[in-house]
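Q: Generate coordinates for the entire structure from the input sequences, incorporating the hints supplied.
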Amino acid sequence: MANVISFKNEMRDKLRKWREDNHRNSEQIVDVGEELINEHASKLGDDIWIIYEQVMIAALDCSRDDLAWTCLQELKRQFPGSQRVKRLAGMRLEALEKYEDASKQYDSILQDDPTNTAARKRKISILKAQGKSAEAIRELNEYLEQFVGDQEAWHELSELYINEHDYGKAAFCLEELMMTNPHNHLYCEQYAEVKYTQGGLENLELSRKYFAQALKLNNRNMRALFGLYMSASHIAASPKVNATVKKANVKYATWATNQINRAYQVSYARCLL
Amino acid sequence: MVSSFWRDVVGVGLFALAHAAFSAAQHRSYMRLTEKENETLPIDIVLQTLLAFVLTIYGIVHISGEFKDMDASSELKNKTFDTLRNHPSFYMFNHRGRVLFCSPNREVSNIPNAEALRNPLRLRKLKHLH
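From first to last, the protein sequence lines stand for chains E and R.
What the first sequence shows, in this note's numbering, is residues 22 to 294, in sequence order.
What the second sequence shows, in this note's numbering, is residues 214 to 343, in sequence order.
Hints in this document: simulated from the structure, not taken from any laboratory.
Mixed in with the good hints, there may be bad ones.
With a straight-line Cα cutoff of 25 Å, these simulated DSS-like cross-link-like pairs (lysine-lysine) come out [what the hints assert, rightly or not]: (1) Lys125(E) <-> Lys97(E); (2) Lys237(E) <-> Lys261(E); (3) Lys35(E) <-> Lys290(R); (4) Lys190(E) <-> Lys153(E); (5) Lys38(E) <-> Lys290(R); (6) Lys292(R) <-> Lys38(E); (7) Lys237(E) <-> Lys292(R); (8) Lys237(E) <-> Lys290(R); (9) Lys230(E) <-> Lys190(E).
A: Set out below in C-alpha cells:
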C-alpha cells in the first residue's frame with residue numbers, strides 16, 4: 022500500500038518537473054500520466070487538471086487521439102467555457118490537421134478576449150505548421166511589438182529567422198534575450214553560434230568573445246568550448262589579421278584544446294568507475 | 214513532505230511568543246495600577262520573547278524547503294538546449310511522431326508494409342534482433 026502511494030507521489034513529482042522544465046518527452050509522459058489518471062485520479066486532488074492538460078498535449082504528440090479526447094472531455098466537464106480549454110480543443114484540431122477549424126476556434130477566443138496571448142501564439146503556430154514561414158514571421162513580429170517581454174516568443178522568432186537563414190535578425194532576437202537574461206549561458210552561446218555562422222572577421226571576433234562569456238557563466242559548457250576553439254582558430258588562420266592578433270588567437274585555441282581534452286579525460290575516468 | 218515535528222516546533226515558538234507578549238501587557242497594566250512606572254520589563258519575559266523568536270525562526274527554516282543558490286547562473290548549469298528550445302505555446306504537431314506512434318488499428322493507406330501496421334515500431338525493432 023505504501024509502495025502505491027509513494028509511486029503516485031514520485032510520478033506526480035516527475036510530471037511536475039517535466040512540466041516546469043519544458044521537457045517534451047511525450048512517450049514517457051503518456052505512459053506515466055495515463056497510469057496516474059486511470060488508477061490514482063481520486064487521490065491527486067486538484068493536481069489532476071494540470072496533469073490532464075500535460076498528458077493531453079503529450080498524447081497529441083504520440084498520436085494517441087483517444088487519450089487526448091478523454092482528457093479534453095474531462096477538462097471541458099470541469100471547466101466549461103474556459104479559454105484555456107478552448108485553446109486545448111484548438112490544439113487537438115491542429116494535430117488532426119484541421120487548420121481552418123482550429124483557426125476559427127482561436128478567432129472565437131480572440132473575439133471574447135482580444136488580449137489572449139495563447140490564442141495568438143497558436144495562430145502563429147498554425148502558419149508555421151502550414152509552412153507559411155514568412156507570414157508566421159510577420160505575425161510574430163506584430164505580436165512582439167505589443168508584448169515585448171515575451172521571452173518564449175523572442176526565442177521562437179530567432180529560430181524562425183535561423184530557418185530562413187536571416188542571421189542578422191536572428192542575432193537581434195537573441196540580443197533581446199541576452200539583455201533580459203544576462204546570466205543564461207545558453208543564450209550567449211547560441212548568439213555566438215549565430216555570429217560564427219554569419220562569418221566575416223568582426224563576427225568571428227564577436228562570436229569568440231561571446232563563447233568566452235558563455236564559458237565564464239558556465240565552465241562546463243562543451244559547445245562553448247568547441248566554439249571558442251573554432252572561432253579562435255579561424256581568426257588565427259585568416260590572412261587579414263596581424264601577427265599579434267594571430268598569436269593571441271593561437272593561444273586561446275590551444276587553451277581551449279587543453280580544456281576539451283581534460284574534460285574528455287575526466288568523463289572517461291568517470292565512466293570507468 | 215513537511216515533517217510534523219518542525220511544524221510543532223513553530224507552533225510552540227509562536228505560542229511562547231504570544232504568551233510572552235501577553236505577560237508583557239499584563240506587566241504593563243500592573244505597573245500602571247501600582248504606579249511604579251520606572252520598573253523595566255522583568256528579565257524572564259525578555260528571555261522568553263527572544264528564545265521563542267529564535268525557536269520559531271529555526272522551525273520555519275526547516276519547514277520552508279530547499280534553499281536556492283545565491284549565484285543566478287549556477288542553477289542554469291544543468292540546463293541544456295534540449296529543454297530550452299521547447300516553447301510550449303508554439304508546439305507543432307505535424308511531426309513524424311504522428312506516424313511513428315500510430316496505433317495498429319488506424320487505417321494508414323500510404324504505409325505499404327502490412328507488418329508496420331500490426332506492430333508498433335518498438336516491437337518490430339526487437340524482432341530483427343533475434
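Q: Now, for every hint given, state plainly whether the structure supports it.
A: Each hint, compared with the structure:
no.: 1; hint: Lys125(E) <-> Lys97(E); verdict: 18 Å, holds
no.: 2; hint: Lys237(E) <-> Lys261(E); verdict: 28 Å, violated
no.: 3; hint: Lys35(E) <-> Lys290(R); verdict: 20 Å, holds
no.: 4; hint: Lys190(E) <-> Lys153(E); verdict: 18 Å, holds
no.: 5; hint: Lys38(E) <-> Lys290(R); verdict: 16 Å, holds
no.: 6; hint: Lys292(R) <-> Lys38(E); verdict: 13 Å, holds
no.: 7; hint: Lys237(E) <-> Lys292(R); verdict: 15 Å, holds
no.: 8; hint: Lys237(E) <-> Lys290(R); verdict: 11 Å, holds
no.: 9; hint: Lys230(E) <-> Lys190(E); verdict: 19 Å, holds
Checked against the numbered hints given earlier, this structure breaks only hint 2.
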